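Asker: The hints should help you fit chain B onto chain A, whose structure is shown.
Chain residues, written in single-letter form:
2 protein chains.
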Amino acid sequence: MHDPRLLAARVARLATTDPDGRPHLVPIVFALEGDTLYFAVDRKPKRSTTLRRIENARARPDVTVLVDHYEDDWSRLWWIRLRGRARVLDDGAEAERAIELLREKYPQYRDEPPGTPVLAIDVTDVRSWPATRRPT
Amino acid sequence: MHDPRLLAARVARLATTDPDGRPHLVPIVFALEGDTLYFAVDRKPKRSTTLRRIENARARPDVTVLVDHYEDDWSRLWWIRLRGRARVLDDGAEAERAIELLREKYPQYRDEPPGTPVLAIDVTDVRSWPATRRPT
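Residue numbers (this note's numbering), protein chains in the order written: chain A, 1 to 136; chain B, 137 to 272.
Hints are computed from structural coordinates only; laboratory data are not their basis. All of these numbers come straight from a predicted model, not from anything done at the bench. Incorrect hints may have been included.
Unchecked claim - Across the chosen pairs, the derived CB separations fall in these ranges:
#1 A:Ala93 / B:Pro266: 32 to 40 Å
#2 A:Trp74 / B:Trp265: 22 to 30 Å
#3 B:Arg246 / A:Arg87: 44 to 52 Å
Heads up, the beta-carbon is just placed ideally off N, CA and C, and yes, glycines get one too.
Okay, chain A solo, but in the shape it has when bound:
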């Protein structure tokens, strides 16, 4: 969780599980604290489908997050995969703290902070490729 590539990453992809058992996938912006990854929803009114990631995580909290780097020089590819257990924070101090972390990381959130629910993912397993880190 202290891999500098993970700390520096601006975007990740979150996989949850749809009610029919199929994986669901969205890009997310996120903040980290300790072994927990947070993301929030935008404040704008959302259609119900936009919250599918939240409802999926509520129903089936075993989720997976991928941070990766692509470039045409394939010797420089890498990815970090996080498996974790999701908690949906509808309000409270931890949700407020997560929103503060997101606003610190993303200037885009400063004028228009995200709202709740916040998803907290307690990371239980980190795997990266290549296993040996190359100099960056």
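Answerer: Same frame as chain A, now just chain B:
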């Protein structure tokens, strides 16, 4: 499937389902033909875990692929999500054609072509955000 952003994309993320029901996630390079997306495995010897994506798709062929664009100007974010049904091609003409398509798209594959198995994903559903395409 004919969205120019999808045709131009160099990398996607593939979500399959692990035997324990949790989503599994890897970045992939891919080629498209008709309504089918293809990717292959590198020829180098792989540990069994590296083929998890293939074994998952064989066991549970309902998979999801995400192509997205991130930049710090959030008005320019977009994603395209493909849901489809996977077929594992252990050999045969379709696998050879897929490898040819991948070599045409990626010069990196020209000296060291990928091998089999090839995963073919017959796309059944395409969803994109924002729903209205912005000028690029």
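Asker: Against the structure shown, which of the earlier numbered hints fail to hold, in ascending order?
Answerer: none
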